[in-house]
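J.: Let chain L serve as the given structure and place chain P on it in line with the hints.
2 protein chains.
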Amino acid sequence: MIIEAVYHRPGDQYAYACTDEMLHIRLRTKKNDVDEVVMLAGDPYHWEDGNWQNQEFSMWKTGTDTFYDYWLVTISPPYRRLRYGFLLKDESESWFYGDKGFSKEVSTDIGYFFCFPFLNGIDVFNAPEWVKDTVWYQIFPERFANGDTSNDPEGTLPWGSEEPTPENFFGGDLKGVTKNIDYLVDLGISGIYFTPLFKAFSNHKYDTIDYMEIDPQFGTNEDLKEMIETCHKNGIKVMFDAVFNHSGYFFPQFQDVLEKGEASIYKDWFHIKEFPLTTEPLPSYDTFAFTPFMPKLNTEHPDVKEYLLEVGRYWIREFDIDGWRLDVANEVDHAFWRDFRKEVKATKPDLYILGEIWHDSMSWLRGDQFDAVMNYPFTTNVLNLFAKESISAKEFVENMTSVMHMYPEMVNAVNFNLVGSHDTPRILTECNDSIEKVKQIFTIMLTMVGTPCIYYGDEIAMTGEQDPGCRKCMVWEKDKQNQEMFQHVQKLIRLRKEEPLLANDGVLSFLPIEDDNPIVGFTKSNGTETILVLINTKDESYDYSIPFNWSNKVVKDVWKH
Amino acid sequence: MIIEAVYHRPGDQYAYACTDEMLHIRLRTKKNDVDEVVMLAGDPYHWEDGNWQNQEFSMWKTGTDTFYDYWLVTISPPYRRLRYGFLLKDESESWFYGDKGFSKEVSTDIGYFFCFPFLNGIDVFNAPEWVKDTVWYQIFPERFANGDTSNDPEGTLPWGSEEPTPENFFGGDLKGVTKNIDYLVDLGISGIYFTPLFKAFSNHKYDTIDYMEIDPQFGTNEDLKEMIETCHKNGIKVMFDAVFNHSGYFFPQFQDVLEKGEASIYKDWFHIKEFPLTTEPLPSYDTFAFTPFMPKLNTEHPDVKEYLLEVGRYWIREFDIDGWRLDVANEVDHAFWRDFRKEVKATKPDLYILGEIWHDSMSWLRGDQFDAVMNYPFTTNVLNLFAKESISAKEFVENMTSVMHMYPEMVNAVNFNLVGSHDTPRILTECNDSIEKVKQIFTIMLTMVGTPCIYYGDEIAMTGEQDPGCRKCMVWEKDKQNQEMFQHVQKLIRLRKEEPLLANDGVLSFLPIEDDNPIVGFTKSNGTETILVLINTKDESYDYSIPFNWSNKVVKDVWKH
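In order, the protein sequences belong to chains L and P.
According to the numbering used here, the first sequence is numbered sequentially starting from 1.
According to the numbering used here, the second sequence is numbered sequentially starting from 1.
There's no promise every hint is true.
For identical chains, the list gives no copy identity; a pair is met inside one copy or between any two copies.
Below, in silico cross-link-like pairs of lysine to aspartate or glutamate (DMTMM-like), each with a Cα-Cα straight-line distance of 25 Å or less [claimed, not checked]:
1) LYS179 with GLU93
2) LYS478 with GLU436
3) LYS267 with ASP123
4) LYS478 with ASP186
5) LYS225 with GLU310
6) LYS342 with GLU300
7) LYS132 with GLU477
8) LYS104 with ASP33
9) LYS394 with ASP109
None of these hints come from the bench; they were simulated from the model.
So here's chain L without its partners, still in its complex pose:
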């Protein structure tokens, strides 16, 4: 047994409360190395005749990736307290593993056991209920629909008349969304994630000028109210984009510093290294990346913090938005996000907080900061299989198993799955224009654990390279929309609503898969019902035997009927 590969540490995805009563305890071992794992656990204060009392609980394997097996046991400690250790067995040896490491003998000293000291309700990760049943649609407002030409900025081009550039404008706005609500309802989505709507200089609006004002080119506060009401009436949630890492260059507070230098009352709102400010060869102030047009905000400063927290509260309080997506969330301090969570959840308890983080995000997902992150590890894995064809179906299953064992189960259910955004080439372009591949990708995304998001236009097979290419004007002419793709996505969304197992009900298990097997298969089961998803990832037929017995079961083909 390679005990050095065994890993557990209380907290994170390894020991957490999934409800006010139940704990998940997980363990990682080297792949195919350990035959059996038993948890020895008991209440820390349950002693008899001077001996601490514990019981055995079998753990089961929940998945295997390239290098590891993962084990789980669920337990509801009657007094909400637990000390526990693991007994690992293979054919030839057995090891005990606890708070002070590994030993051949099971310790009789409770101090050698791991501890989950007390299940306090307030510390339980708690995302809004509605998120796990939501299908998102991402709108880049300047390019979705022009519903009101009177607010078009100067130089607005006719809709879709040119290729998108970093500078051009086509007049998309809020009225455009309101007027096309039937299209979205018809597609079936139940949440819209809007990239920034606040007044800004660029067409993407990530360079905010005023966080308290809708950009006039998108419309008025009345237009916004009408749009949100229309969405809500149609069962559609609305998520805004909070760009709090940096402001735009034309943010008046930054302009004040540019103008007055050290005399500006806003000089501590940013991270200034030297006065007067310079932008060449590198900015003399911290920025997003190295772009002088996005000065990093000093979110540790009390005034900046209060200003941004009020932004967080204001749009919920006044316009009843349902979620905040946090741009470049990983570069803002954790202390800020803890207070942000407190403030916005106090304003609206079931508000969804989604961080833009592309890498391992555990540090933000412990219940005190975000509800979820944009699940780019999911994206990478999908692209590697279908677009780059750099991994096999088996590797896809292994990598997806890794991704699903990175976080607690409740995080997985609300994590934001996407296969493209305004920051990436469009999925159809990634897949070399293969409609069939993109249909498979949507099938996976819309049957997988998590909350899926469709980037506007992907459902009608729009194409586009890395931005600005991926930000083309939405195509509204029916005959230029790919109806096969639309109907495929529409059907997947409908099925996901009809069959909760296709969304986040039940527990997902990947089916065993061999090296040359192109079939990605998984089940989701809630104990009484099981749904099976099988996807042939190759363009050729393959004989596949379903690896379980369903005689005497009622079987229904959900896809065909």
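T.: Positioned in the frame of chain L, the structure of chain P alone reads:
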């Protein structure tokens, strides 16, 4: 190479900011398995010709325990941002390790590298400067000294006239401390940790009746002021004990619930399962352990929280205390402790927050909750070597290496090292009355990384079994105090003050040790000076060659001179 044993995850002790500029990046590998580790790192936004730019940084081995080697590299990223991965090499192979796992090839995709997104100053772990130079002395107030017989409770026994029991009283008080300040100054300690002083029923005072009042048997607010001023004048910090997990049975709010049941306005201050309250066979309310006399407080309730936070602030504001030791800290919710930190640090920025947690405490030591915990893993390791003789000197060194790699370096420097307390048998009793062993133990504790604490009376070789035995009255008759022990401890404290390397200056490295070698040796070095500590843990002489060359160095015997 057993790559499955390789571990890193950004955060915790593996990637953290140790100053506003510098990061520590650590990695764990299987013991003696990897020959060389190189970190590949760069700014996430530093691209040239479409390629992300990174550089190589060698890592060095900082220690080896029973199963693992630990590697470290320090780096000060110029823009406070870092993406990084590891290149692991042995004789026959090399592996890349990053955010998406292991691969034979170094990825060219930045997404496969780990991320430390931004070094925000406010998130840096930040304990008070003074703690790392402090030598603590723990006082159990009822048993240290009776300085004022007028406040003795009814039935107080003559000092030291009987063995301590859970019920008897000997009259120790605040005046007793003030009057004996010269003794403490002579010993050389620079901080006192007091077990609870607030009004309570028992002699140990962990069953609080009033958190806002000093127990009358200990004296008045004036006595307290005088004592704290006396301590401060003599360079001694004062730490109080906060018992916030539970109140005492006679806490008026709990008495109100006992009396009025569901009609009590305090019914939500506790965790009541059923009304009316019962205590048999088990309490119908949550308690500390299973004792009905310590009802668990509902620290999630806003009124309870505000009450306890005000307790936290009050004693700092009004009496200028320097630290709070938090009893049963692990069973109170994290949300409470985050707010507690904010409030007490706002009242006094350099207040020390010490949690009583016996097990792995990483979840409380991320900078948002505690500064340190009581380092019982240190205690266990010392007892196993000297008292139980269950491990060899080599195993001691390995276990201590584990303990020192559990947390970030800044935590180690302020972690509260102890070898006994009011909750354990006295160290001399644990060591079967061997004065020599206890002298060695103090030598280790007072030369080790961390902030050491001497339990009152251990310095004069008092004995005592598990409580109540370990809570005997302090012996004040000179001829009954072991002066050899006193002078030994006194000398160690003096040396620790004179030689900052003996405290927390410099970096500790254990010397290599073989199976049958009884010499525990370590160096601490600050780059220009190195101090060497050697302890023969056996009662027989042993020939030992110091495993490094000190020719051409100025060498001084700190112990003899």
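J.: Run every hint past the structure and note whether it holds.
T.: Checked hints:
1. LYS179 with GLU93: Neither, since 68 Å and 61 Å both go past 25 Å.
2. LYS478 with GLU436: Within one copy only: 20 Å inside a chain, 91 Å across chains, cut-off 25 Å.
3. LYS267 with ASP123: between (37 Å within a copy, 22 Å between copies)
4. LYS478 with ASP186: within (14 Å within a copy, 91 Å between copies)
5. LYS225 with GLU310: For LYS225 and GLU310, the Cα distance is within 25 Å only inside one copy (19 Å; across copies 43 Å).
6. LYS342 with GLU300: Answer is both: 16 Å inside a copy and 14 Å across each meet the 25 Å cutoff.
7. LYS132 with GLU477: Result: close neither inside a copy nor across copies, 33 Å intra and 71 Å inter.
8. LYS104 with ASP33: Both: 17 Å inside a chain and 22 Å across chains, each within 25 Å.
9. LYS394 with ASP109: between (43 Å within a copy, 22 Å between copies)
Taken one by one, the earlier hints fail for this structure at numbers 1 and 7, listed in ascending order.
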